[in-house]
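Whole structure, please, built from the sequences with the hints as guidance.
Sequence order for the protein chains is Z and P. Take our numbering: the last position of the first sequence gets the number 712, and nothing is skipped along the way. Take our numbering: the last position of the second sequence gets the number 712, and nothing is skipped along the way.
Treat the hints with caution; some may be incorrect.
Where chains are identical, the list cannot tell them apart; a pair therefore holds if satisfied intra-copy or between any two copies.
Stated by the list, open to error - Below, simulated DSBU-like cross-link-like pairs (lysine-lysine); rule was C-alpha separation at most 35 angstroms, straight line: (1) Lys293 <-> Lys365; (2) Lys292 <-> Lys89; (3) Lys292 <-> Lys391; (4) Lys148 <-> Lys365; (5) Lys335 <-> Lys391; (6) Lys466 <-> Lys657; (7) Lys661 <-> Lys293; (8) Lys89 <-> Lys584; (9) Lys114 <-> Lys95; (10) Lys330 <-> Lys293; (11) Lys422 <-> Lys335; (12) Lys391 <-> Lys103; (13) Lys293 <-> Lys391; (14) Lys338 <-> Lys365; (15) Lys584 <-> Lys338; (16) Lys391 <-> Lys372; (17) Lys103 <-> Lys661; (18) Lys683 <-> Lys334; (19) Lys376 <-> Lys103; (20) Lys391 <-> Lys288; (21) Lys490 <-> Lys372; (22) Lys226 <-> Lys584; (23) Lys226 <-> Lys365.
Honestly, the hints are just simulated from the structure, not real lab data.
2 protein chains.
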Amino acid sequence: MSQRVSDEGVRKKMEEIRSGHGDTFSHFHKVESPPKQTLLQEIKHSVVETFFPDKPLNKFKNQTGFRVFVLALQSFFPIFEWGRDYNLKNFRGDFISGLTIASLCIPQDIAYAKLANLDPQYALYTSFVTPLVYAFMGSSRDIAIGPVSVVSLLLGTTLSDEISDIKSHEYLRLAFTATFFAGVTQMALGVLRLGFLIDFLSHAAVVGFMTGSAITIALQQLKGLLGIKNFTKKTDIVSVMRSVFSSAHHGWNWETIVIGLAFLVFLLVAKYIGKKNKKLFWVAAISPMISVIVSTFCVYITRADKKGVAILKHVKKGVNSSSAGEIFFSGKYLGPGIRVGVIAGMVALTEAVAIGRTFAAMKDYPLDGNQEMMAIGAMNIIGSLTSCYVSTGGFSRTAVNNMAGCKTAVSNIVMSMVVLLTLLLITPLFKYTPNAVLASIIIAAVLGLVNIEAIILLWKIDKFDFVACMGALFGVVFINVEIGLLIAVAISFSKILLQVTRPRTAILGKLPGTTVYRNVWQYPKAIQIDGMLIVRVDSAIYFSNSNYIKDRILRWLTDEETQRITSGLSRIEYLTVEMSPVTDIDTSGIHACEELYKSLQKRRVQLILANPGPIVIQKLRASKLTDVIGENNIFPTVADVVSTFGSNGEELL
Amino acid sequence: MSQRVSDEGVRKKMEEIRSGHGDTFSHFHKVESPPKQTLLQEIKHSVVETFFPDKPLNKFKNQTGFRVFVLALQSFFPIFEWGRDYNLKNFRGDFISGLTIASLCIPQDIAYAKLANLDPQYALYTSFVTPLVYAFMGSSRDIAIGPVSVVSLLLGTTLSDEISDIKSHEYLRLAFTATFFAGVTQMALGVLRLGFLIDFLSHAAVVGFMTGSAITIALQQLKGLLGIKNFTKKTDIVSVMRSVFSSAHHGWNWETIVIGLAFLVFLLVAKYIGKKNKKLFWVAAISPMISVIVSTFCVYITRADKKGVAILKHVKKGVNSSSAGEIFFSGKYLGPGIRVGVIAGMVALTEAVAIGRTFAAMKDYPLDGNQEMMAIGAMNIIGSLTSCYVSTGGFSRTAVNNMAGCKTAVSNIVMSMVVLLTLLLITPLFKYTPNAVLASIIIAAVLGLVNIEAIILLWKIDKFDFVACMGALFGVVFINVEIGLLIAVAISFSKILLQVTRPRTAILGKLPGTTVYRNVWQYPKAIQIDGMLIVRVDSAIYFSNSNYIKDRILRWLTDEETQRITSGLSRIEYLTVEMSPVTDIDTSGIHACEELYKSLQKRRVQLILANPGPIVIQKLRASKLTDVIGENNIFPTVADVVSTFGSNGEELL
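So, in structure tokens, the structure goes:
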């Protein structure tokens, strides 16, 4: 059929087919519009899918009075739900895992407090209060709560940019302020059901950011490990390495180095053992505590602190005091407090949600993202009022918690109690703990954040993701944590922008011996139809891409036409746009379609639409564009188009 | 087949089918990976599609030396291309249309200058210089260049926010500065091939912004039309109406009102005639000029200016002087100049590109968006150095240009020459032109920007677009032009965000009597398969939506399972994900797929993928996820899945 079929001819053929004289394919199905929805239904549907995709209100249906109250209480405090089935067997698991993570978290906390430029007791306060709050409100069964290295570093660097005197009372107050606003940010995201916003930090960006932070944190520990006194306040690798080498001659303390390296080796060996034999995970878990005890004892006996080994000196005994009056609600530090709080809150949330999701998927229980945010937000708000700083679910301690056999959030309560006892009884004993051991503990801990395999996988799967990852990594390592984060977000966003601005299109051909049409690039065997070009548009058509799509289709047509005419084939008379993937179209898209139709008319090419979706066909009909193109030229499948307009069998090549 | 098929059984059945014992469908086609591309090819392809979708360098291929120079010259100065075929017949059309738009533009320019708080001659300077530059560099054949109402208003309000003394020399210098940076912005977008950024201002937002601006501009004219002396400087409707009513008793000048209303009626009637009878379009086109001449003469004769009728007073005679030294390149006004320039430049560009595209589509000639931006940028940069302010392609004069039969950009040159003669000879004659007539001219002109039909169409087609449009409109009318613009951009962006965060999914069923699977919501006749759920994902799977998609699929499964079990049907054993619309997947998406697979395994449901696209299958294979899911469970079509795992014929209901 290389001759142009007249409209009359087409209509006749169509009628023939519809009355049953055609072949047995889907001709008797017309493209249908879905049942019409009212405006209110449409809006409701859209709001529900955006903010309530998990249908949280479903369970309240057909319930009344007291029952609704109980259900609401249970959804805000999940402990009232799972607590009813709690039994001794669960408690045994939780008790052991609680003790294990306590022995891990106490030395880690003391070390992390240094990253945030805070006194050690504040991290212990944090590990006492926030896990208690989380146990009541959290929906994860595995997350172990406490200060984490990345957020501690982020706080330490951003807060000291604002107040350089890290020993001042203002610095501490600013830390509480940031913690308060971190909590408010997290809670707000949960309450407003905007939790999906943290999905905008892509997996690749998080991997890069975490790895970069781990490297930066490890480099920072050279100060404690080498016993350097005059260390740079900057965190970028260039400044740090310059600091290290410039102090090589007289700034390093050899006793410190011996202690630090000895325990670092011990910790890494313990870690390796725990990794090799999963049953011995507790070796790795308690190794930091053992290091602290042994090293403290050694220093006390040998009085190595007199020989220049830096020690922790003073850890305040006793339980948290209130810090409600310390938060800046006005004045010049309110602004910086909010800014740092929002950033730290988002980063903390990203880590907690990522780790929570991983373990929820592993054990296959539902994790309510918005509830998690409310729980973490609440615990940070309460924390900021009780001398704690930003706390979240940490990677390493959560993994240990899980391996130690935790069953519920009760393990967090156990850990919290152990920390309380520590605060009340034994903090003075940490006086002689050498800083070098704390540096070793941090280095051993953050090595777990460096995920080389994940980076290699990124390279293999998606080069763009790899670039985003590296951008974040180098940003953190060479500039600072904030810039790294900014780069990660910017690259993620530019990817989204690219996706919505330059969607893909494909030329379709028929798989030999079938009525299936597939991308000719993917299936080189697929055969194009004589006199017809079939283009599939692989995206919703919106204002951001409508002009591109129109131009791209016309370019396909021009390219293909030139090629066919050079090959001596007949000219293209029909352009079929396969619209299956086009889920939506807006007014800009409708205009682009109309312009495409007009341009094709000028070129004497007939526009045909195949399988417009429910929303699209509704809008095409509402805009009367179907009348312009002709309902006759809209088909439910490409196969129908070809059997109507194409010459059955007369395929290209 | 309500019994779970063992892996062994499936494999056997697959082999049977592949060896030809199955039915005659596409089983013998496997899902293919496209030819592997090197990293460099991938990057090149991606860059080309993003920045050079129009392949501007194609024509330079296989050309050498002088020819490349000529082609480059032609692509930067299209006049050297179309100029070669220029003939007398073209010139006749261009001459008449040039005269027509000149007679329209001179009175309009004088009026628009008032909106920008500038003396009238600056608008005339603009209409002399910038059309000349455009004629050499522009690729549109219809656009008529000059100051436009919306940009004039935008400049007037934003600049007077910075410098409230609009009569000061600083104000004028700031206007030139903004014009310079508007030009730089436009040129940069063109040179960097970032023209697609203006697509982010959706059609709906532009309609709303334009309509709102038209209303605001019309309201501003009440000052001139009613002869009010103390008028608010704000542009929001509340302030303006308060100003009008508070001056009702003694602030209105009745002579002014009579003149203003009389000519407004005349202009509107002329406009109506031009609209009713397309051949009489010139009546509308020259009516402003007639109004100016007649009213000026009347005022001069009756000396109505002595009775309180405000007149133009002084229009400077002579041609533009250089303003190169006037631009702020440093100091406190540099920042505001850049800010206003960037905004005005983007708005001006949006108007020019929208109008250019409309007429290019109407006459079916190619319009190079990036070249247009460079042309408009260049003309504004040159303009800023020669006492002009921001200029662009205007809606009304372009329409008149087209109707008057323009053939090429030569009509702009003709107009420019007429304006030059006006500047040299007759500007002093405008002295007695009453401001009221200028107000009438503006009102009559901006009414054309109010497009009620377009707004109704938005409502009909897409409610979200309608909201964006109304947001922009009310923002402009009730607050100010900048806020309106901000609302328009924000709503447009939130739509994109929504699209990439909450893509659609659909349940598929078989159209009776075919092997075609379609959305059961759109085609209620479509029949679901016993023991199987088929879900189509309608978007690329990226970090921004991967979790949502995974959860949504699981929710479909839960909902459907409950429903089927209540109806006494067998449980769902197979979940087929139809991936035709999934054009891409990133590492987050791969993780989500893996988690989906694991969750389904826990529920004893087999995951099956149908028709993964070229990119997707490559990445699935690279990540070894195909090995986890099993290559046996990946099919080229849904029909293949059903004929392998479904019980042929045993359909639901």
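Outcome of the hint check:
| no. | hint | verdict |
| --- | --- | --- |
| 1 | Lys293 <-> Lys365 | within (29 angstroms within a copy, 74 angstroms between copies) |
| 2 | Lys292 <-> Lys89 | neither (71 angstroms within a copy, 59 angstroms between copies) |
| 3 | Lys292 <-> Lys391 | both (23 angstroms within a copy, 34 angstroms between copies) |
| 4 | Lys148 <-> Lys365 | neither (50 angstroms within a copy, 101 angstroms between copies) |
| 5 | Lys335 <-> Lys391 | neither (52 angstroms within a copy, 65 angstroms between copies) |
| 6 | Lys466 <-> Lys657 | between (66 angstroms within a copy, 20 angstroms between copies) |
| 7 | Lys661 <-> Lys293 | neither (65 angstroms within a copy, 49 angstroms between copies) |
| 8 | Lys89 <-> Lys584 | both (30 angstroms within a copy, 11 angstroms between copies) |
| 9 | Lys114 <-> Lys95 | within (23 angstroms within a copy, 43 angstroms between copies) |
| 10 | Lys330 <-> Lys293 | within (30 angstroms within a copy, 69 angstroms between copies) |
| 11 | Lys422 <-> Lys335 | within (22 angstroms within a copy, 73 angstroms between copies) |
| 12 | Lys391 <-> Lys103 | neither (43 angstroms within a copy, 49 angstroms between copies) |
| 13 | Lys293 <-> Lys391 | both (24 angstroms within a copy, 32 angstroms between copies) |
| 14 | Lys338 <-> Lys365 | neither (41 angstroms within a copy, 103 angstroms between copies) |
| 15 | Lys584 <-> Lys338 | neither (53 angstroms within a copy, 57 angstroms between copies) |
| 16 | Lys391 <-> Lys372 | within (33 angstroms within a copy, 53 angstroms between copies) |
| 17 | Lys103 <-> Lys661 | between (43 angstroms within a copy, 33 angstroms between copies) |
| 18 | Lys683 <-> Lys334 | between (66 angstroms within a copy, 24 angstroms between copies) |
| 19 | Lys376 <-> Lys103 | neither (55 angstroms within a copy, 63 angstroms between copies) |
| 20 | Lys391 <-> Lys288 | within (32 angstroms within a copy, 44 angstroms between copies) |
| 21 | Lys490 <-> Lys372 | within (4 angstroms within a copy, 87 angstroms between copies) |
| 22 | Lys226 <-> Lys584 | neither (72 angstroms within a copy, 73 angstroms between copies) |
| 23 | Lys226 <-> Lys365 | within (24 angstroms within a copy, 77 angstroms between copies) |
Going through the hint list in order, the structure does not satisfy hints 2, 4, 5, 7, 12, 14, 15, 19 and 22.
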